[in-house]
Amino acid sequence: MEAFLFFACGALMLLGGVMMVLQRSAVVAALWLVFAFIAASGVFAALSAPFLAIMQVLVYAGAIMVLFLFVIMMLQGPVLEGERKRLALPMWPAVAIPPVAVLVLVGGWLANRRADALPAAPEGFGSPGQIATLLLGRYLLAFELISIVLLVAIIGALALGNRERKLPWS
Amino acid sequence: MAIVLESLAKIVFMFLLIMGMVPALIWAERKGAAYIQDRTGPNRAGIGGVRLAGLVHPIADVLKLVFKEDVAPTHRHRALYALAPWLVMTVAVSTYAVIPFGDFLTLGGHTYKLVVADLQVGLLYVLAVASLGTYGIVLAGWAANNKFTFLGGIRATAQMISYEINMGLAIMGLMLVFGSLRLTDIVAGQGGLLFGWLPMWGVVLQPLGFALFITSVYAETNRNPFDLPEGESEIVAGYHLEYSSLKFALFFMAEYCHMVVGAAMISALYFGGYQVPWLPRPMLEKHAGLLLQLVLGLTVAASLLFAVLFLRRVQREKGKFGDARDREPVLGAAFWLVVALAAAGAFALRPGDIGAAGASIFASLFQVGAFVGKVVFFAWLFIWVRWTLPRFRYDQLMRLGWKVMLPLGLANLVVTALVVALVGSGK
Chain A
9 MEAFLFFACG ALMLLGGVMM VLQRSAVVAA LWLVFAFIAA SGVFAALSAP
59 FLAIMQVLVY AGAIMVLFLF VIMMLQGPVL EGERKRLALP MWPAVAIPPV
109 AVLVLVGGWL ANRRADALPA APEGFGSPGQ IATLLLGRYL LAFELISIVL
159 LVAIIGALAL GNRERKLPWS
Chain B
94 MAIVLESLAK IVFMFLLIMG MVPALIWAER KGAAYIQDRT GPNRAGIGGV
144 RLAGLVHPIA DVLKLVFKED VAPTHRHRAL YALAPWLVMT VAVSTYAVIP
194 FGDFLTLGGH TYKLVVADLQ VGLLYVLAVA SLGTYGIVLA GWAANNKFTF
244 LGGIRATAQM ISYEINMGLA IMGLMLVFGS LRLTDIVAGQ GGLLFGWLPM
294 WGVVLQPLGF ALFITSVYAE TNRNPFDLPE GESEIVAGYH LEYSSLKFAL
344 FFMAEYCHMV VGAAMISALY FGGYQVPWLP RPMLEKHAGL LLQLVLGLTV
394 AASLLFAVLF LRRVQREKGK FGDARDREPV LGAAFWLVVA LAAAGAFALR
444 PGDIGAAGAS IFASLFQVGA FVGKVVFFAW LFIWVRWTLP RFRYDQLMRL
494 GWKVMLPLGL ANLVVTALVV ALVGSGK
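In the order they appear, the protein sequences are chains A and B.
For what it's worth, the working numbering labels the leading residue of the first sequence as 9, then goes sequentially.
For what it's worth, the working numbering labels the leading residue of the second sequence as 94, then goes sequentially.
If you are wondering where the hints come from, they were derived from the structure by calculation, not from laboratory data.
Since we're looking at a predicted model, the values are computed, not measured.
C-beta: ideal position from N, C-alpha, C; glycine also.
One or more of the hints may lead you astray.
To be verified - Label pairs and their in silico Cβ distance ranges:
| no. | chain 1 | residue 1 | chain 2 | residue 2 | range |
| --- | --- | --- | --- | --- | --- |
| 1 | A | LEU158 | B | ALA210 | 54 to 60 Å |
| 2 | B | MET491 | A | GLY116 | 46 to 52 Å |
| 3 | A | PHE12 | B | LEU424 | 28 to 34 Å |
| 4 | A | SER155 | B | ARG492 | 22 to 28 Å |
| 5 | B | LEU301 | A | PHE12 | 45 to 51 Å |
| 6 | B | ALA153 | A | LEU166 | 53 to 59 Å |
Claimed, not checked - Away from chain B, derived, C-beta distances all over 12 Å, residues of chain A:
| no. | residue |
| --- | --- |
| 7 | ALA16 |
| 8 | ALA19 |
| 9 | ILE46 |
| 10 | VAL112 |
| 11 | LEU113 |
| 12 | LEU118 |
| 13 | GLY137 |
| 14 | GLY145 |
| 15 | ARG146 |
| 16 | GLY169 |
Start from the sequences, fold in the hints, and give me the full structure.
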């Protein structure tokens, strides 16, 4: 059951990625990316990591992509005509990735069928409590450093976005 | 197989509960608005003269919406225009999966948990699904390719992102107090008494968190005073302006589903869910016979009262209309007399001693009833607030979200964390 979910969600995730690259409309591309994120959360759920699965939806699909859509729509407006242009960027690297990923997926499925028993996840694996213990215990330093990086990024974005106006500290 | 059937039964029950409450809420909204504005409200639609004080009106609404022409703008984005209402509706009903509507039900030696999916990360699931709700509204606004709908969609995005943060902060305080992300644990944790007399509900332990949460829920459901994405006086009808017929009906229904889900969340997180105050489960089972007799007795008394009221109308309005409407009081009186007789007849089945299994089933149903009662009250609160408060201006909305509620939420979280660290959690 888990294996089936894992490969089905993996395939859907690839589909989302491919469709996102092939879209001409930025809004539709963003939506396919959301689709891929939700499929990725299914992959996490199949790997018995419920917390990570929900966080994937909550943070990426629910917050970051909504902001992306917001920005795309603000810049583009409700007009749909200007979307028939070709994409300027060379797409070849992007086109090459999905076949490789499909190969990896099929290979993984075959390997999984042969060595049918992977070790079962221990009790409480991937639970919020366990993740919190690891994050705020063993990896505390890395965790806090990342939050400092994020803080610096916020201040930087504020400074860049506010270039004309005087900042309170300048 | 058994687990599939069990889940299916629970899903159907929850779905029927929401879908059954939607027309009732539409009726309550119209009658409530009329009552608050000193009007009569809908009282014309009827079947064979029976109007039920406007309760028949939603049926007329449904018929109208089903058979209306589906007018759509030519310059729409076809796929997304069709996707948006479906997305809104799906998100609105899927939150229900993790909300417990009762404790457990023992039936024929089997014990069933009364929740569709008892997720370990249930609270986060609620937040995740709520955050996906933005897409439907934004896409509806964008795909219709109309300035007013677009403005509505943009407003919805900014508003929902801002208030999601406050909702998350409020919920984090609750998480700390009950020490779990599982909704069944949180509801079970609210069963005790504080100082021996106060029910240990979330609202008692987290009063500020409750105020922040209920405000955020109102903002997330796009209900007044936070209905700026619709804002009739400014942007016509906002994101669903270009929708008609059943697609519009989906948006309309989704709004009421969101209300029911929001009310269920408020009652499960902050008002003890299925817990009956001062009557814990063992007490309920012990006094099941007495309580059942009490419920039946009250039913008899209430239906007799209704029957008398209808009989007085029969006397007063004899031949007043001269058409089918004259039948309504007679039918009403007959209906309530039959109910009173049935309830009185149930006493013949000796409800005083229903046995241990019967007592357990009665306790479960009583708790489900308590939950539904709380949900109905909070759904009514949504309507009450809508017809009492005026709409915010957009800058006021943003100021409230970011400059008032966010600092308060952070302060609530810090204080809660300190208290939990010093005193210990509510578990």
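Here is how each hint holds up against the structure:
Remark: the range hint 54 to 60 Å for LEU158(A) to ALA210(B) is contradicted by a beta-carbon distance near 33 Å. For MET491(B) paired with GLY116(A), a C-beta distance near 47 Å keeps the hint of 46 to 52 Å intact. Remark: the range hint 28 to 34 Å for PHE12(A) to LEU424(B) is contradicted by a beta-carbon distance near 56 Å. In this structure the supplied range 22 to 28 Å holds for SER155(A) paired with ARG492(B), their Cβ-Cβ distance being about 27 Å.
For the hinted restraint 45 to 51 Å between LEU301(B) and PHE12(A), the CB-CB distance of approximately 46 Å keeps it satisfied. Separated by about 54 Å at the C-beta atoms, ALA153(B) and LEU166(A) satisfy the suggested range of 53 to 59 Å. No Cβ of chain B comes within 12 Å of the Cβ of ALA16(A); the nearest lies about 18 Å off, and the non-interface call holds. Here ALA19(A) stays apart from chain B, with its beta-carbon at least about 21 Å from theirs, past the 12 Å limit.
Once the 12 Å rule is applied to beta carbons, ILE46(A) is inconsistent with being away from chain B; the minimum gap is 8 Å. Remark: the non-interface label on VAL112(A) is consistent with the geometry, its nearest Cβ contact in chain B lying 28 Å away (cut-off 12 Å). Residue-level check passed: LEU113(A) sits 25 Å from the nearest beta carbon of chain B, beyond 12 Å. Distance to chain B confirms LEU118(A) as a non-interface residue, since its nearest Cβ pair spans about 30 Å, more than 12 Å.
Separation of GLY137(A) from chain B is inadequate, the least Cβ-Cβ distance of about 9 Å not exceeding the 12 Å criterion. At roughly 16 Å, the least C-beta separation between GLY145(A) and chain B is larger than 12 Å, which holds for a residue marked as non-interface. Under the 12 Å C-beta cut-off, the non-interface status given to ARG146(A) relative to chain B holds; the minimum distance is some 21 Å. For GLY169(A), the condition that its CB be more than 12 Å from all CB atoms of chain B holds, with the nearest at approximately 16 Å.
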